[in-house]
Amino acid sequence: MSVALDLRHEPVSGINHGKLVMWIFLASEIMFFSGFFGAFIVLRNANIDIFTESSATHLNVALATLNTVFLISSSLTMALSIYHLERNNKGLFQTFLGLTLMFAFGFLVVKYFEYSHKFHDGIFPRTNIFFAFYFLMTGFHGLHVLGGIIPMAWMFVRSFTKKGYTNAKRVEVLGLYWHFVDLVWIFLFPALYLLFPTLH
Amino acid sequence: MSHEQNHDHDHGDVLPSYYKVFGALMLFTALTVGAAQIHFPVSMGQSGVLINLGIGLLIATFKVLMVLYIFMHLKFDNKYLRAFIFVPVFLFIVLVFALTTLETFHHPF
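Keeping their order, the protein sequence lines are chains F and X. The numbering of the first sequence is the working numbering, which starts it at 1 and goes up by one. The numbering of the second sequence is the working numbering, which starts it at 1 and goes up by one.
Think of the hints as simulated: they come from the structure by calculation, not from any bench. Treat the numbers as computed from the prediction; the structure is a model and nothing was measured. Where a beta carbon is used, it is the ideal one built from N, C-alpha and C, also for glycine. Hints are supplied without guarantee of correctness; some may be wrong.
[To be verified] Taking lysine to aspartate or glutamate and the EDC-like style, the derived pairs with C-alpha atoms no more than 16 angstroms apart in a straight line are:
(1) Lys90/F with Asp77/X
(2) Lys75/X with Asp13/X
(3) Lys19/F with Asp13/X
(4) Lys19/F with Glu29/F
(5) Lys169/F with Glu114/F
[Unchecked claim] Chain X regions said to be covered by chain F (calculated; three or more residues, Cβ under 8 angstroms):
(6) 30-39
(7) 53-60
[To be verified] Here are a few chain X residues that face chain F, going by a calculated C-beta distance under 10 angstroms:
(8) Leu50
(9) Val67
(10) Tyr80
(11) Leu95
(12) Ala98
Construct the complete structure from the given sequences, taking the supplied hints into account.
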């Protein structure tokens with residue numbers, strides 16, 4: 001009977017270490033964004049007129065909806081790429097990881113157009129309390145998207161080398177992170193773009 | 001397909017649930033954008049505003065749960081992993097309630 005220490009699996013919980021660490025990291029990420037959302041809710045209710053007016057006149061719901069579609073699609077293709085890597089379907093793994101990268105870039109491109117349009121209109125974080133939140137929250141979310149693209153691109157490029165990329169566990173851990181980025185956007189989208197109902 | 005407690009890799013085939021969740025997420029996105037365009041009449045007062053907010057938050061919560069349980073595998077994974085997401089989410093809900101309740105003392109509507 002082997003007594004060697006298996007570093008990949010915790011003997012008591014049976015949870016893969018990489019996954020466990022990612023979940024702990026995501027727990028801290030939830031609290032990171034909680035601070036923003038908590039402050040946002042309080043200041044939104046205190047300055048509801050500024051928030052409603054700024055959101056309704058300057059934010060582009062169509063572009064944000066397109067970005068939502070991009071992120072949801074990228075979540076699906078990410079899950080599919082892991083599914084196919086676990087089953088050694090190299091071609092499909094590369095296809096779906098490549099699609100995930102494309103959607104992620106698409107998201108950032110749309111975000112770039114939204115930001116540059118705002119700057120062109122003379123809207124900056126200092127403009128008012130709503131835009132301070134808009135740039136802070138979407139900015140940090142955008143940085144998270146970029147942070148997902150970097151390891152994803154590395155895995156994608158590596159998969160074309162002679163050695164290939166076969167570490168499905170690691171892609172699965174990156175997948176957890178990527179779905180979390182999608183998750184934050186699911187709340188950001190209605191909070192910033194949609195939920196400012198007015199009485200008519 | 002087994003529904004036992006300790007299965008590590010035998011999830012059955014997850015592909016159909018991936019596509020179903022994707023479809024549901026798209027549908028809910030359309031619904032939430034559509035619902036936000038509904039303007040309730042002034043006669044309904046504050047309750048019309050609350051209905052709009054309630055619908056938006058309810059849809060977002062459903063979307064998030066689907067991503068967590070299917071895409072992030074919480075449905076199939078070790079139940080202890082769930083603690084890592086539910087503890088901070090619980091803290092967040094407490095924080096929001098504490099802040100908004102405190103705030104209404106200062107700015108009575």
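Right, here's what the structure says about each hint:
no. : hint                   : in the structure
1   : Lys90/F with Asp77/X   : violated (25 angstroms)
2   : Lys75/X with Asp13/X   : holds (13 angstroms)
3   : Lys19/F with Asp13/X   : violated (21 angstroms)
4   : Lys19/F with Glu29/F   : holds (15 angstroms)
5   : Lys169/F with Glu114/F : violated (36 angstroms)
6   : 30-39                  : holds (count 4)
7   : 53-60                  : holds (count 5)
8   : Leu50                  : holds (9 angstroms)
9   : Val67                  : holds (5 angstroms)
10  : Tyr80                  : holds (6 angstroms)
11  : Leu95                  : holds (5 angstroms)
12  : Ala98                  : holds (9 angstroms)
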